[in-house]
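Student: Sequence:
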Amino acid sequence: MTAQHPSTEAEGGSTATTQDSVSELIHLSSGGVSLVLDTSQRRSPAVVHWGRSLASPIHELRLWAQLDEMPSANSTADTPTRLAILPSHHEGWMGRFGLSGHSDGSSWSPRFHVQSVSLNGEQVHQSEIEAPGGHIEYDLVDSNSGLRVRLEIEMTASGLVRTRATVLVAPETAGSSEPSSTYSLEELAMAFPVPLRASERLDFSGHWGYERAPQRAPISIGSHVRENRRGRTGHDSAYVLHAGVPGFGFESGEVWGVHVGFSGNHRHFLERLGNGVQVLGGSELLLPGEVTIRPGDDFATPWVYWTYGDGLDAAASRFHEFLRNREQHPWKPRPVVLNVWEAVYFDHSPEHLIFLAEKAAGIGVERFVLDDGWFKGRVNDKAGLGDWVVDEERWPDGLRPLIESAKRLGMEFGIWIEPEMVNLDSDLIRAHPDWLLQASAELPRSARTQYVLDLTRVEAYNHILAQLRALLRDNDIAYMKWDHNRDLLEAGSSINHAPAVHRQTVAVYRLMAELRREFPGVEIESCSAGGARIDLGVAEHTDRFWASDNHDALDRQLIQRWTGQLVPPELIGAHIARPQSTTTGRTHSLAFRAGTALFGHFGIEWDISEIDETERQGLARWLEIYKTWRPLLHSGRVVRADMDDDCQLLHGVVARDQSVGLYALVGMRQSASGVPGRIRFPGLAPDRLYRIDLVDSPDFVGHWRNVRWLRDLHGGKGSPTISGELLSTVGLPAPSLQPESLVLFELTCSN
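Here the numbering used here is used: the first residue of the sequence shown is 2, the next is one more, and so on.
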């Protein structure tokens with residue numbers, strides 16, 4: 002791609018002359034985190050501290066920073082190596098560079114200096130600055146190459162840090178002896194240092210039906226690089242790459258993490274060099290020749306996010322608070338969803354679906370969602386994608402009768418779409434076979450019998466936008482499940498076959514943003530063959546994430562547990578499906594399935610027209626439990642206990658004022674020792690008393706007879722009241738649970 006011309010905003014903050022003084026040390030502190038930035042001698046910004054909050058005054062930090070230069074080893078450069086946020090060769094850095102690229106073979110090692118600094122939009126000149134978080138812009142210039150970089154660093158109220166860089170090529174100037182030339186960008190990466198005591202790493206892998214599987218290993222000298230070339234975030238995404246002290250867990254142990262907020266190709270890396278320095282970093286992954294920047298144009302990276310905490314819960318909570326503070330965060334109660342996919346698949350009958358809507362309303366469902374199969378020619382997965390008009394053969398009166406029935410019954414109506422994809426068997430591709438992403442005249446491989454529509458092509462983009470506008474204008478739709486069911490292979494422009502993953506991703510964001518502006522009441526869920534598009538880039542445009550196509554409650558316990566390392570519960574779609582999982586074949590009780598879905602955005606994906614009266618009453622009861630607890634579940638702090646025995650999990654949500662908490666103790670498998678140790682309840686105020694009550698318990702509690710406090714509680718002999726200090730620090734003996742069962746506890750402050 003050729004980069005776009007810089008905006009007026011991009012030019013801002015660059016008016017200071019090189020004679021003006023600029024800030025040399027900035028200390029941002031918020032949410033228990035400090036970030037100290039050094040630009041002494043106008044050098045490119047470097048992080049000299051990122052971690053636990055510092056109370057030392059700024060003048061002491063200045064003296065310390067002057068002494069904190071990197072030691073030189075034998076047989077190295079005569080001046081100390083310096084690690085900038087955009088690491089550079091000329092400062093002695095031997096790891097991954099920040100800016101990689103060239104102009105016809107030159108300008109490959111730029112030497113940036115600071116031209117100006119702005120804090121919260123105002124240019125600043127003080128040599129030392131302290132601020133309670135905020136937004137910093139550094140305007141960096143390399144006078145030799147004509148390259149400029151605008152580096153943005155923002156610390157949010159929660160202590161989460163995010164960074165973004167924009168590289169600009171100076172415009173041609175009349176009479177210049179060395180006119181600027183086009184710059185071929187290969188990578189624009191950012192890196193933060195982490196201390197060597199962080200000697201263990203944690204990131205994620207996975208596959209369809211089992212997303213965000215954690216993987217942990219010691220850190221050694223060299224690079225751990227996770228590259229994603231799928232054109233979407235991926236089932237196997239690194240997600241958040243962490244470095245932590247040995248044995249870090251949910252509740253304790255310093256941990257640093259990085260997340261690239263982008264839904265296209267991307268890279269996370271952890272690098273430890275032989276000089277005793279290690280960094281976390283991230284970038285968009287650009288394909289060969291994907292970005293060239295002409296004079297006067299620019300290119301911006303996605304936001305890269307940096308979190309720190311004493312334990313994984315603290316690191317996760319910064320992401321959660323950031324998302325909850327978005328202007329568009331969905332604060333109305335998250336409605337109970339019924340998605341009809343596993344009830345009807347492609348067999349659409351308006352009469353039967355209206356019957357399902359009546360059944361759904363009868364148990365308390367609040368949002369009725371029509372999944373795949375409603376649009377023209379969509380009788381199976383081999384046809385129809387691209388034709389986003391209602392199928393008149395199956396829906397002769399349109400969707401209105403079903404929508405009106407759902408609304409009359411007190412429910413919202415939602416619908417499934419996959420606007421980035423097409424089938425060859427569609428009116429769209431029959432009319433425009435040249436609108437596909439492809440790297441040559443030959444078609445790329447199909448996946449799930451579908452191809453990718455080139456949304457970087459104006460005609461294709463406008464066509465899809467017009468169809469979706471008409472769909473939303475003509476129907477009372479409150480929610481769209483936006484799917485993306487395949488990787489992007491050979492994703493080249495339909496016009497010139499140049500790599501187009503970046504522009505395609507940006508076009509999808511723009512499409513979502515345009516629809517949200519025009520239809521502000523419509524919510525969007527990000528789905529990608531399950532949970533393959535969960536990141537903070539698409540989060541700017543969406544209200545919910547589908548965590549996985551796998552409804553198996555045992556697998557879902559872990560999928561949702563680790564999805565929560567980035568995303569708070571109210572944004573994680575979690576549904577009750579039929580007793581026997583269509584993915585794994587395992588069969589689970591309603592209590593286990595519902596108790597698992599409870600800790601997300603709760604819904605149903607089950608043919609409720611076939612359930613018996615006992616199941617209907619049980620399901621209705623769980624919907625009431627969810628409605629009772631969702632104000633807490635969707636606003637409180639998520640806690641996950643470090644257990645004595647990993648045969649059990651304990652997780653919960655505690656109110657911000659620590660007045661109440663809801664916890665789930667989950668039996669994953671049998672304990673090898675027979676007695677699973679103790680359970681502690683994190684997140685409670687140590688100086689307050691808490692009453693323990695049961696919200697729900699398994700059908701079989703025979704093993705509880707050996708655990709006095711549970712035996713008394715289950716037998717109605719009163720609720721124990723214990724201090725938060727004892728409950729969170731020492732805990733109580735754990736019961737033996739049958740595998741694949743759970744118990745819910747309510748802990749309420751009594752003083």
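Because the hints were derived from the structure by calculation, they are not lab data.
Mixed in with the good hints, there may be bad ones.
[Said to hold, decoys possible] Ranges of calculated distance between the beta carbons of each label pair, as one might list FRET restraints:
1. 327 to 442: 41 to 49 Å
2. 91 to 68: 34 to 42 Å
3. 610 to 474: 25 to 33 Å
4. 222 to 694: 33 to 41 Å
5. 689 to 222: 46 to 54 Å
Cβ atoms here follow ideal geometry from the backbone N, Cα and C, with glycine treated the same way.
Student: Are the hints correct? Go through all of them and say.
Tutor: Hint check:
1. 327 to 442: 41 to 49 Å: Taking Cβ atoms as reference, residue 327 and residue 442 lie about 43 Å apart, which means the hint holds.
2. 91 to 68: 34 to 42 Å: At 23 Å between Cβs, range violated.
3. 610 to 474: 25 to 33 Å: This hint holds: roughly 31 Å between Cβ atoms.
4. 222 to 694: 33 to 41 Å: Once the Cβ atoms are compared, 52 Å apart, the range 33 to 41 Å for residue 694 and residue 222 is violated.
5. 689 to 222: 46 to 54 Å: holds, 47 Å
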